[in-house]
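Construct the entire structure; sequences and hints are all you get.
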Amino acid sequence: MKIRDILAVLALALTAPSISHAQILVAGEGPVVYGHHHLNTTDMAAQKKFYVDTLGGTLVKFGENNQEIIKFPNVLIFFRPMQAPTGGSIGTTMNHIGFSVPNLSTLVPKIKAAGYKMITTDSVAATVKVTNDIAAASPTTNIAFALGPEDVKVEFVEVKDQKAPIQLHHLHFFGQQNTEMQAWYAKTFGAKMLTPNPGAAFVQDQLPGVFLNFTPSPTPTVGTTGRSIDHIGFEIKNLEAFTRKLEADGIKLDRPYTKVPALGIAIAFIKDPWGTYIEMTEGLVAVK
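Residue 150 in numbering that gives the first Met the number 0 sits at position 151 of the sequence shown, with consecutive numbering throughout.
Keep in mind the hints are simulated off the structure, nothing from the lab. One or more of the hints may lead you astray.
As the list claims (entries may be wrong) - Straight-line distance between alpha carbons at most 25 Å, and here's what the computed SDA-like set of lysine to any residue pairs gives: (1) Lys159 to Lys186; (2) Lys116 to Ser104; (3) Lys186 to Lys48.
Said to hold, decoys possible - DEER-style ranges, computed between Cβ atoms: (4) Ala44 to Gly198: 38 to 44 Å; (5) Pro219 to Asn196: 25 to 31 Å; (6) Asn196 to Lys159: 17 to 23 Å; (7) Leu252 to Pro219: 24 to 30 Å.
Just so you know, even glycine gets a beta-carbon here, dropped at the ideal spot from N, CA and C.
Okay, here's the thing in structure tokens:
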């Protein structure tokens, strides 16, 4: 993404009064929290049908050009609306994004009725029981998978006592060095490394409001740039100092720390060692 495109999107976002502290509910719980997904698309109508009409996200229009984003509790979804993705999320390091919902038996029929393909059976081990496109991942956890517009893979985790109808749950990375990925994100962003349950299919980190899951991929994966999920985004306090530390640790900045005084924000970009494109922002949570 060109720097002028990034600044244009963020400038417009800052004019939207509906983006507030309440949007990233865990913003005050740590120096690094998750902030946004950024998708490439040529069909905003399809994106709105899936994320707003079907899943229940909130559409925000803002700026002179009526730029649009979609918000869920703890995550914003930004779009490059005239950029055709070079492929879907499957096969990249960012295999899928995850939401949690209180009731899958209500949501899954709605997704199917809207014409989207459920890929639960293809996404879980053959030994896992799948009924009506809902998998019993454990005695206490049900999950489902759908393929969204432009082949973005989306997982839904059932959390029965959740109050919100839908919210951010996790990011799911795939890679042949999944434990090294887990360690890198823990070191780089201060995420907590969780101890896996015996026989777990993946390892996890945790930041406020989000799990970072890392599954071993049997085949090589590619980076995210240009794909349907172009990059992921973290909101970081004191971003300038954070980027200096990254450089001191030998991490190259793809986009240097850039302060935008008129907007009261700052941005920077890096890639992880496996090609996941990562945006870092400071100031989005302060927008009222």
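Verification of the supplied hints:
1. Lys159 to Lys186: Roughly 32 Å separates the two Cα atoms, so the pair is violated.
2. Lys116 to Ser104: holds (16 Å)
3. Lys186 to Lys48: violated (38 Å)
4. Ala44 to Gly198: 38 to 44 Å: Holds, since Ala44 and Gly198 (Cβ atoms, about 43 Å apart) stay within the stated range.
5. Pro219 to Asn196: 25 to 31 Å: Cβ of Pro219 to Cβ of Asn196: about 27 Å, so the range 25 to 31 Å holds.
6. Asn196 to Lys159: 17 to 23 Å: holds (19 Å)
7. Leu252 to Pro219: 24 to 30 Å: This hint holds: roughly 26 Å between Cβ atoms.
Comparing the model with each numbered hint stated earlier shows that hints 1 and 3 do not hold.
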